[in-house]
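S.K.: Taking the hints into account, I'd like the entire structure generated from these sequences.
2 protein chains.
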Amino acid sequence: MGYEGSVRIGELSRTTGVPVPTIKYYVREGLLPAGTRTHPNQVDYTDTHAHRLRLVRAMVEVGRLPIGRVRELLAEVDEPTRGPDTLYGILGAALLTSAGRTEPVHATETERAEIERWLADRGFRVPEGYAEGVAEVLATFRRLGVPELAGLLDGYATAAMAVAEVDLAVLAAVPDRDAAAETMIVGTVLGDALFAALRRIAQATVSARVFPGPPDQSQC
Amino acid sequence: MGYEGSVRIGELSRTTGVPVPTIKYYVREGLLPAGTRTHPNQVDYTDTHAHRLRLVRAMVEVGRLPIGRVRELLAEVDEPTRGPDTLYGILGAALLTSAGRTEPVHATETERAEIERWLADRGFRVPEGYAEGVAEVLATFRRLGVPELAGLLDGYATAAMAVAEVDLAVLAAVPDRDAAAETMIVGTVLGDALFAALRRIAQATVSARVFPGPPDQSQC
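Chain order of the listed sequences is F and G.
Using this note's numbering, read the first sequence as starting at 48 and increasing by one per residue.
Using this note's numbering, read the second sequence as starting at 48 and increasing by one per residue.
Fair warning: there could be bad hints in the mix.
Any copy will do: because identical chains look the same in the list, a pair fits if it lies in one copy or spans two.
Here are the computed lysine to any residue pairs in the SDA-like style, where the Cα-Cα straight-line distance is at most 25 Å [unchecked claim]:
1. Lys71 / Thr85
2. Lys71 / Leu191
3. Lys71 / Gly192
4. Lys71 / Arg190
5. Lys71 / Arg111
6. Lys71 / Glu108
7. Lys71 / Ala197
8. Lys71 / His153
9. Lys71 / Gly170
Simulated from the structure, these hints should not be mistaken for laboratory data.
M.R.: This is how it looks when you write it as C-alpha cells:
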C-alpha cells in the first residue's frame with residue numbers, strides 16, 4: 048500500500064495545503080478514508096491519505112466537480128476490475144448525469160432516433176445515455192430559437208474524435224498500469240478543464256481574426 | 048420588446064415546464080425580472096419572461112452551470128455594446144472562474160511563464176487568466192504524479208482551434224444579430240455540453256478499437 052510512516056491531521060493539512068476542516072468534511076462525505084486511531088486522542092494518516100486528498104482536491108478545485116460526482120468517480124478508482132473501455136462509459140456517465148436530475152427530457156422520440164442514426168452512420172460506438180445527451184442539446188437549441196446551432200454537430204464530432212485519439216495515446220503511454228483507472232479519471236476530469244481553457248484561448252484567437260475590431264488596448 | 052399579451056405565473060410555468068416555486072426562486076436570485084403587478088393579487092408575465100426563463104433553464108439543466116455563473120452570463124446578454132471578441136473573453140472568464148475561489152494557485156511563476164511562451168509561440172491570443180488556467184492543470188498533473196499527461200497539451204490545442212473555427216463559422220451565420228450576445232452564450236454553454244457528450248462517445252469509439260476486449264454484451 049506504500050505506507051511510509053504516518054502523520055497527524057495537522058501535518059496532512061500542511062503537506063497537502065488542504066485546511067483541516069475540509070479534510071474532516073471529506074472524511075464525513077466518504078471521499079477520504081478515516082485515519083487510524085492510534086491513541087484515544089490521536090488519529091494517524093498516511094501517504095495513501097495524502098495521495099487521495101490531492102486527487103479529491105484536484106477534481107473539486109481544478110475539475111470543478113460537485114462532491115457527489117467525485118464520490119462516484121472514486122468508487123471507480125477503487126474498483127480495479129474494469130477495462131478501459133467500460134471505464135470510459137462509467138466515467139462519462141458520472142461526469143454527465145447529475146444525480147438529482149428529475150426534470151423531463153425535452154428531446155422527442157423522433158429527435159433521439161435521428162441522432163442515434165447519425166451517430167451510427169459515422170461509426171460511433173455510443174455508451175448508453177449519450178445519444179440522449181446529444182439530442183437534448185439540439186432540442187434545447189430549437190426551444191431557444193437558435194436551431195442553426197445544430198450546425199456545430201459535424202465539426203464538433205470530428206474534433207471530438209481528434210481529442211479522443213490524443214487521450215488514448217497519452218493515457219496508454221502512462222507507465223503505471225496499476226493506477227490506470229486513476230490516471231484515466233485524472234486525465235478525463237482535468238483534461239476537460241485543460242481543453243476548456245484551450246478552447247477559450249482558441250475562440251479569442253479566431254475571434255480576433257474574424258472580427259478585427261479597433262486596435263486592442265490590452266497586452267495580449 | 049415583443050410583448051404579445053401577458054399571462055399569470057401558472058400559465059408561464061405550464062408553457063415553459065418550469066415549476067412555479069422554481070420561477071419564484073429565479074426571480075429572487077435576479078435571474079428573471081419580476082412580473083408586473085396589475086392587481087393587488089395578480090402579477091403578469093410576458094413572452095420576454097418566457098424566453099428568459101427557457102434560457103436560464105437551459106444553462107442550469109443542460110449547461111449545468113451554477114446559479115452565480117448564470118447570473119454573470121445574463122448580465123452580458125443584457126449589455127448590448129460588446130463586440131464578439133470582448134464577449135468571448137468575458138464568457139470564458141464567467142465559465143472558468145468560480146466566484147468563491149480562495150485556494151492558493153499551485154502553478155509556479157516559472158511554469159506560468161513557460162506556458163505563456165508556449166501559447167505565444169503558437170500565435171494564440173490569450174485572454175487574461177487563461178495561461179494561468181492551463182498552467183494550473185499541468186501543475187496539478189505533476190502534483191498527482193502523472194506529469195506524462197502534459198502530453199495532452201499539443202493535440203488538445205490543435206483540436207481546440209478546430210472547435211473554435213466551427214464555433215465562429217456557425218455563430219457568425221445566425222441571422223439575428225440583435226441577439227448575438229445571447230446566441231454566443233447559448234452556443235458556448237450548450238456547445239460545451241454538446242462537445243462533452245461527443246467527446247465521451249469518441250472516447251468509447253477509440254477505446255473499443257484500441258482495447259478490443261471480450262465481445263461486447265451490450266447492444267451499442
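S.K.: Now tell me if each hint is right for this structure.
M.R.: To see whether the hints hold, each was checked on the structure:
{"no.": "1", "hint": "Lys71 / Thr85", "result": "within (17 Å within a copy, 52 Å between copies)"}
{"no.": "2", "hint": "Lys71 / Leu191", "result": "between (43 Å within a copy, 21 Å between copies)"}
{"no.": "3", "hint": "Lys71 / Gly192", "result": "between (47 Å within a copy, 24 Å between copies)"}
{"no.": "4", "hint": "Lys71 / Arg190", "result": "between (44 Å within a copy, 22 Å between copies)"}
{"no.": "5", "hint": "Lys71 / Arg111", "result": "within (20 Å within a copy, 27 Å between copies)"}
{"no.": "6", "hint": "Lys71 / Glu108", "result": "within (17 Å within a copy, 31 Å between copies)"}
{"no.": "7", "hint": "Lys71 / Ala197", "result": "neither (46 Å within a copy, 31 Å between copies)"}
{"no.": "8", "hint": "Lys71 / His153", "result": "between (40 Å within a copy, 22 Å between copies)"}
{"no.": "9", "hint": "Lys71 / Gly170", "result": "neither (47 Å within a copy, 45 Å between copies)"}
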